[in-house]
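**Q** Here is how the chains run, residue by residue.
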Amino acid sequence: MDLTVIILFLAIVSLTLVITYYAAKQTKSTGDFYTAGGGLTGWQNGLAIAGDYLSAASFLGIAGMIALQGFDGFFYSIGFLIAYLVVLFLVAEPLRNLGKYTLADMINSRFDARKVRGAAALSTITIVLFYMIAQLVGAGALIQLLFDIPYWVAVLLVGVMMTIYVLFGGMLATSWVQITKAVLLMAGMIIMSFMVLMKFNFNIGAMFTEVKTATSHGEAYLNPGIKYTNPLGTLSLMLALVLGTAGLPHILMRFFTVKDAKTARKSVITATWAIGIFYILILFLGMGAAIFVGESEILAANPGGNMAAPLLAEAIGGNILFAIIAAVAFATILAVVAGLVLSGASAFAHDIYGQIIKKGKITERQQMLAARYAALGVSVLSIILSLGAQYLNVAFLVSLAFCIAASANLPVILYTVYWKKFNTNGAVWALLGGLFSALILVSMSPSVFSPVEGAALFVGKPLFPLDNPALVSVPVGFIAGYLGTIFSKEYDYNRFAEVSVRAHTGYRESK
Amino acid sequence: MAQKKLILVEERREEERRVDFVEIEKSTRFKQFLMRKRKFLVPMTVFFLIFYFTLPVLTSYTTFLNTPAIGDISWVWLFSFSQFVMVWVLSAIYVKKANSFDKEADEIINDYLN
Chain A
1 MDLTVIILFL AIVSLTLVIT YYAAKQTKST GDFYTAGGGL TGWQNGLAIA GDYLSAASFL
61 GIAGMIALQG FDGFFYSIGF LIAYLVVLFL VAEPLRNLGK YTLADMINSR FDARKVRGAA
121 ALSTITIVLF YMIAQLVGAG ALIQLLFDIP YWVAVLLVGV MMTIYVLFGG MLATSWVQIT
181 KAVLLMAGMI IMSFMVLMKF NFNIGAMFTE VKTATSHGEA YLNPGIKYTN PLGTLSLMLA
241 LVLGTAGLPH ILMRFFTVKD AKTARKSVIT ATWAIGIFYI LILFLGMGAA IFVGESEILA
301 ANPGGNMAAP LLAEAIGGNI LFAIIAAVAF ATILAVVAGL VLSGASAFAH DIYGQIIKKG
361 KITERQQMLA ARYAALGVSV LSIILSLGAQ YLNVAFLVSL AFCIAASANL PVILYTVYWK
421 KFNTNGAVWA LLGGLFSALI LVSMSPSVFS PVEGAALFVG KPLFPLDNPA LVSVPVGFIA
481 GYLGTIFSKE YDYNRFAEVS VRAHTGYRES K
Chain B
1 MAQKKLILVE ERREEERRVD FVEIEKSTRF KQFLMRKRKF LVPMTVFFLI FYFTLPVLTS
61 YTTFLNTPAI GDISWVWLFS FSQFVMVWVL SAIYVKKANS FDKEADEIIN DYLN
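Residue numbers (my numbering), protein chains in the order written: chain A, 1 to 511; chain B, 1 to 114.
For reference, chain A alone in the conformation it holds in the complex:
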């Protein structure tokens, strides 16, 4: 390990610990712990959303995919960004107006039923665990490559760091780690893109011309169709990407950290700019890696292409830039997993323990204690699962998390705010229908069953043809919610009136 790498790495770790120390002093109530007291500004929250969203899978994964598969890697960028229009237009403001700490709070503003809260908590926890395992296994593999330490040390390192942030600093520390990471990541991206474009005298056309002959794909590199050859598979993936973000628990939770809908809106705008610019710059990184590092070297470092961005840094900026980018990648991982721990902990401690088991009869002190125990529990559980999953190909877990979010959470959110007849039964059916159809279809998909040994978890013929089942499971979630509603006679207009007025005007008694 290089000395520069170690110094930068330690600098980032100490910076985040200082943040946590100051945040811990300000975290006194449960509201502080889960939502930073709702006191973030639009700018801060926007950057924190970007920091929460732009995971190592985005930074390293998409750069690698573009480097190796050309245009097809860019599909992810587009889907991940357009998703914020769904968030902005349909979800962010009603969510802020109705919810308190969790998605279940928002749905329960209309239905008091504990089974609705339980179903919402179940889908939240499932999404968080899948997403977390994917992040931690990816992080372990990556840090192993970057810093040359064993996998289990890497996973433990990330795991212990994320536990410290969340346990002591709660949402305030998590948010500031995310903001710091977003700024570092954007700065790193801008520096690298600038250096790549400089080699072409800032003529993007010249870069396109050069990349045509740089890879084994030849001219086909610039056209879609290298990775995604199945039209329905492509559409299904694109559907999961665009609708999933609006149902991801750790993203939804970020909207409770601001004081009102207007600030929630501002934060989405900041986030779309940061995320949009990021996804355009990643294109320059991907193509730059294809040209200046070369396909065979990228593949030699990691068959998935995850090392494309750090290798490009080394090729154009030497050891120092490599160290900076490696440190940024590390910060990226920390920020995302901390956000995940917090949303998982809120589902366990607030929804399941506080509201379902204790029926809301719980003191402030007990709540705080439960939140911290839950954070510790979620951390330890995901560390153990990730240590065991080292040799599994877990890349599909992220798209599965998006798929569950789109199929289980999004239908319920939309129905709760916009559909007058929606009822308790419908909410439970939509949540469970979306969740289980996604889970069952994935367990029969080519991501789990492959005739080629080692390509998936099991050897066998997949019963369901698509890697990502969103094309089927999203309609199942919506239809289940509809059927569940019409099969039950329950209809409470008064509650709908209240929810509708609150969601659209932001009215609260304390005003």
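These are computed hints drawn from the structure, not numbers from a lab. Do not rely on the hints blindly, as some may be mistaken.
To be verified - Not the full set, but computed from the structure, chain A residues with beta-carbon under 10 Å of chain B:
1) I78
2) I82
3) Y84
4) L85
5) D148
6) I204
7) L222
8) V242
9) I486
10) E490
The model shown is predicted, which means the values in this text are computed figures rather than measured ones. Ideal Cβ positions, reconstructed from N, Cα and C, are used throughout, including at glycine.
Go by the hints and put chain B onto chain A.
**A** Just chain B, lined up with the frame of chain A:
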């Protein structure tokens, strides 16, 4: 001190009782407000979803986007970049519109409470 707190609680209860959500929801003013909101949100959402899905549909079933547009940059790239531009333009339009909705929503609530 304790008495003061009690009065505050009483006042808040009173206010809660005063807010009749059904009455607001049924008022023509609120209904028109929601209608205007819907007239803005629904067409916009339909538009951006169609615009978005046009890309994978065209790339999956046709190849005409692969023809060069500017030098070696083909139409598929230009169409992809236009998606980014769309996000920024639509979100700017949304903010402008939402600010006017905020005003209207505040008016509805204030008029009702007074």
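**Q** Of all the hints given earlier, name the ones this structure violates by number, lowest first.
**A** Violated hints (numbers, rising): 5, 9 and 10; every other hint is consistent with the structure.
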